[in-house]
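Here the protein sequences line up with chains A and B, keeping their order. In this text, residue positions in the first sequence follow my numbering: the first is 1, and each later residue adds one. In this text, residue positions in the second sequence follow my numbering: the first is 1, and each later residue adds one.
Simulated from the structure, these hints should not be mistaken for lab results. It is possible that some hints are incorrect.
[To be verified] Here are the simulated EDC-like cross-link-like pairs (lysine to aspartate or glutamate), alpha carbons at most 20 Å apart as the crow flies: (1) A/Lys84 <-> B/Asp88; (2) B/Lys81 <-> A/Glu221; (3) A/Lys74 <-> A/Glu221; (4) B/Lys313 <-> B/Glu176; (5) B/Lys7 <-> B/Glu21; (6) A/Lys74 <-> A/Glu98; (7) B/Lys418 <-> B/Glu230; (8) B/Lys81 <-> A/Asp129; (9) A/Lys84 <-> B/Asp74; (10) B/Lys7 <-> B/Glu234; (11) A/Lys84 <-> B/Glu83; (12) A/Lys246 <-> B/Asp88; (13) A/Lys246 <-> B/Glu83; (14) B/Lys81 <-> A/Asp90.
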Amino acid sequence: MIRPIAILVGLGFSIVVLLAFVTGAYTWATEETQPTAEHEFHIAPHAPEGGFAHDGPLGTWDVAQLQRGYQVYKEVCAACHSLKYVAFRDLAGLGYDEGQIKAEAASYQVPGIDPNTGEATFRPGLPTDYFPSPYPNAVAAAAANNNAIPPDLSLMTKARHHGPEYVYSLLTGYDAIPAELTQEFPDFETPTGLYFNQYFPNLNLAMAPPLTTDGQVTYAEGNPQPTIRQMSADVAAFLTWTAEPKMVERRQTGWPVLGFLIFATILAFFAKKQVWSSATPGRKDD
Amino acid sequence: MSFPWAKEYTPANPVMKFLDEKLPLPRLVYNAVGAGYPVPRNLNYMWNFGVLAGFFLVLQIVTGVVLAMHYAADATVAFAKVEHIMRDVNWGWLMRYSHANGASFFFVVIYLHIFRGFYYSSYKAPREMVWLLGVVIFLLMMATAFMGYVLPWGQMSFWGAKVITGLFGAIPVVGEPLQVWLLGGFAPDDAALNRFFSLHFLLPFVIAGVVILHIWALHIPGSSNPTGVEVKSESDTVPFHPYYTAKDGFGLGVVLVLFAVMLFFLPNYLGHPDNYIEANPLSTPAHIVPEWYFWPFYAILRAFTMDFILPAKLWGVLAMFAAILIWFFLPWLDRSPVRSGHYRPLFRKFFWFGLIPVMAVLFYCGGAPAEEPYVMLSQLATAYYFLHFLVILPLVSSFEKPEPLPYSITEAVLGSDKKAVLGENTTPAT
Ligand code: HEM
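Just chain A, same shape as in the assembly (with noise of 0.2 Å):
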């Protein structure tokens, strides 16, 4: 009596499924999809030349690259952009000591109360503060960014595909719109307010280029010339290192274990081999 149902069941699901199948073929053959400018002209991200010292297993911080990238962040995005996960403690994991952590704190003026009338204020940032957002709130950020929030930039690098590779592919990626593009799609705009970018998923984002010129932050003594390409690279290192502070600790982690873990999987097998080999004479296999 089961199979019988089944079959019925087995029949009524695949013809329902075959039905859709067909019309969607035929829309699919018969109906013309438009090519979209976001489709044809958007640019997978690619990496600064050289790659990142962080890149691959055996990467790691360059830690006077994390140390521009923090000066970077700080001069430019810090107007626009919020880093609401990293404390000034944190520091610490870009080799600046303690006087240098209570100074960078001390720097930033962070949300309080007035020891004396109880009121809202602010006050100098403490090691144990987080970066603080640049607007009193969300509705602060849109109004002042053309509608649009500038996104925390704490986890920015893995909340991308290719994050560090995509941060640096956009802060260099503002570029005029392509002649080829304007012929094929004679519509497209950059509406007032947005910019064009390529390596954005629509081609059209409201961040103003914030990198615009060479030397726009000036570097210690000793480091490379801050053109925009250094400046974008720096920066997006030094977003891997916010986006997950533990990354280098981790991989340094995972050399060691995977070594006992592939010497214990050798004794293993051998083990296994003198159990069995001592029980089963004669056997074919194994």
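Knowing the structure of chain A, use the given hints to seat chain B with the ligand on it.
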């Protein structure tokens, strides 16, 4: 029960003797996974995955309990709490990545375990109950993993929860009230997050209970084997310990090496970047995709794009649930007296050239955007999926001439069995 030649437990020292008399726990373990459990001597590596699944269940419970110590199921802080685990809790990143990747490995292992069952028809008598309990475990795992993925409260957590609970809305009449009741509101929020956390904490222990029943039911007939011929005599078996403890130990080593590679070097490879963006009910992600282990069923859900008597969405929901529920009926659908696919030429063709590629297509299309040609591919694959289990499997044995079976496991392994009687060689195992 066990075979008459199973070794009996003899306590080695007074403490164990005392314990064995008052509470025969050592005896229980000895007979379950020790020398007291005789196992066919010819098991291949496909028989490793049960023990491996047990390992990953324990790993999920241990890492999960630690995560729960630092987590809070409150929509305003859940996302930040997970970041707190990643950044500030000692070894928190290890716990969290182990838990997230552990869930994936758990599913890899379970899928291999289930497909072992399909190929060797492990579901057939006398192991029907083992199979049924296995399907229950799989359903519980899916529920657990779905709710676990909501906990970090990222964009995919939120929108995945919204889409999946929205499926209940497709049920006529009671659908919408049911959806609101499940979520405790009109969209996922604190109420949903709290109950998901509560159930996500509870269900793994329910799974552990069903696993015990699963193994209990298995130990009544004993393990099957790649020939599908039942154990006939002592020379067909070896004691579980040390033979299969040694073999499982090696298998565990191999899987742990792969696990360590993912965990330490590619911990986010199987995840979705959008889940590092905090949940935002006002911003819908471009593509909402569940975790990879749900992709085949998600592909089946989305394959039904046409209203036909019932609305398309309802067809999709019914088909998605049916795709798993039909596994419950396999023991009675497949009536070939031969178990192992090894001796079933026609069944084997449908398995390797039908089911396996179709599952691969469903996996792929479930993770792809709902565009052509992926939708058409999933439609063809879905049609085959149902035909395979509900039409081909019940009928194939009528057209198939099984290949000759060995007389016994001993004969299969050694080439001959002294006990083999002439003429009995081709008797199918039943
Ligand atoms: C059947 C076993 C289990 C499976 C398949 C499972 C699966 C999952 C998954 C897929 C996630 C989301 C991971 C992410 O993307 O971050 C998760 C998170 C979580 N699970 Fe589990 N889990 C299991 C057992 C447990 C247990 C036993 C507990 C606690 C007693 C637990 C506690 C948690 C907590 C607190 C989170 C949120 C933290 C986080 O997202 O990392 N889990 N689980």
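So, going through the hints one by one against the coordinates:
Under the criterion of a C-alpha separation no larger than 20 Å, the hint pairing lysine 84 of chain A with aspartate 88 of chain B is consistent with the structure, at around 14 Å. A hinted pair counts as satisfied when its Cα atoms are at most 20 Å apart, and lysine 81 of chain B with glutamate 221 of chain A does not qualify at roughly 40 Å. Note on lysine 74 of chain A and glutamate 221 of chain A: the hinted pairing holds, with a Cα-Cα distance of about 18 Å set against a maximum of 20 Å. The hinted pair formed by lysine 313 of chain B and glutamate 176 of chain B meets the criterion: a straight-line CA distance of about 14 Å does not exceed 20 Å.
As the CA atoms of lysine 7 of chain B and glutamate 21 of chain B are separated by approximately 18 Å, the hinted pair is consistent with the 20 Å bound. At most 20 Å may separate the alpha-carbon atoms for a hinted pair to count; lysine 74 of chain A and glutamate 98 of chain A meet this at roughly 19 Å. A C-alpha spacing of about 17 Å is found between lysine 418 of chain B and glutamate 230 of chain B, which places the hinted pair at or below 20 Å, so the restraint holds. For the proposed pair lysine 81 of chain B and aspartate 129 of chain A, the alpha carbon gap of about 16 Å is at most 20 Å, so the pair holds.
Simply put, lysine 84 of chain A and aspartate 74 of chain B have alpha-carbon atoms about 18 Å apart, close enough for the 20 Å limit, and the pair holds. Among the hinted pairs, lysine 7 of chain B with glutamate 234 of chain B is consistent with the structure: their alpha-carbon atoms are about 11 Å apart, no more than 20 Å. At most 20 Å may separate the alpha-carbon atoms for a hinted pair to count; lysine 84 of chain A and glutamate 83 of chain B meet this at roughly 11 Å. Taken as a hint, the lysine 246 of chain A and aspartate 88 of chain B pair is honoured in the structure, with Cα atoms around 10 Å apart against an allowance of 20 Å.
Distance restraint check for lysine 246 of chain A and glutamate 83 of chain B: the Cα-Cα separation of roughly 12 Å lies within the 20 Å cut-off, and the hinted pair is therefore satisfied. Between lysine 81 of chain B and aspartate 90 of chain A the CA atoms are separated by roughly 17 Å; this keeps the pair inside 20 Å, and the hint holds.
Consistency note: the structure conflicts with earlier hint 2 alone.
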